[in-house]
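Enquirer: Sequence:
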Amino acid sequence: EAGAIELAIAEIGADDVCRSALRIVGAMMPPDAPRPRYTIDPPDLAVRVDAYRLRQILFNLLNNAIKFTPGGGPTGLDVTVDRTAELVCFTVWDEGIGIDEARRRMLFQPFTQVDTGTTRQYEGMGIGLAIVRHLVDLHGGSVAVESAPGQGSRFTVSLPWHPLPPSAPEA
283 EAGAIELAIA
293 EIGADDVCRS
303 ALRIVGAMMP
313 PDAPRPRYTI
323 DPPDLAVRVD
333 AYRLRQILFN
343 LLNNAIKFTP
353 GGGPTGLDVT
363 VDRTAELVCF
373 TVWDEGIGID
383 EARRRMLFQP
393 FTQVDTGTTR
403 QYEGMGIGLA
413 IVRHLVDLHG
423 GSVAVESAPG
433 QGSRFTVSLP
443 WHPLPPSAPE
453 A
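Adding 282 to a residue's 1-based position in the sequence shown gives its number in our numbering.
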């Protein structure tokens, strides 16, 4: 199929990809702007993903978190493992403008932005979240949004986690 994206799945360190996405976003920010907060548990978490595409997902979400948080308010990326469901959860959060329920339903449609007025305050083509959803779907994952006007947003990308079996003791 023309234009189809093929994933290059490999076992990678989640911390490396997260820090790479944070560096890219940080390079685009004013020098005095506060950087997104970052946590990962466990720190040595390994995941089977397309590293380039995961970086793209995180970049889009982090970029939006920063863009929609006026005055350099807090933003962040938290990475956790749900061992019961065998999921790795990448949560990008902000304390920005938030999104009402009616507009949340439109978030992942291409060329759609929450602010549709003629004096739109936030720049962009409105395809970042559509790309995020597509790339997450290709990985067999899901993306969820929690948000309320004036209370910020949380975008959680949940990807299948394939833990490595314990190493056999050396003889």
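Hints are supplied without guarantee of correctness; some may be wrong.
As the list claims (entries may be wrong) - What follows is a set of in silico ranges between Cβ atoms, one per label pair, in the way DEER data are often shown:
| id | residue 1 | residue 2 | range |
| --- | --- | --- | --- |
| 1 | Glu293 | His416 | 18 to 24 Å |
| 2 | Asp297 | Glu383 | 32 to 38 Å |
| 3 | Glu368 | Met310 | 33 to 39 Å |
Hints were generated in silico from the structure; no laboratory data involved.
Predicted, not measured: the structure shown is a model, and the values here were computed from it.
Each residue gets a CB set at the ideal place from its N, CA and C atoms; glycine is no exception.
Enquirer: Give a verdict on every hint.
Expert: Hints versus structure:
{"no.": "1", "hint": "Glu293 to His416: 18 to 24 Å", "result": "23 Å, holds"}
{"no.": "2", "hint": "Asp297 to Glu383: 32 to 38 Å", "result": "34 Å, holds"}
{"no.": "3", "hint": "Glu368 to Met310: 33 to 39 Å", "result": "34 Å, holds"}
Violation of the numbered hints given earlier is absent; every hint is satisfied by the structure.
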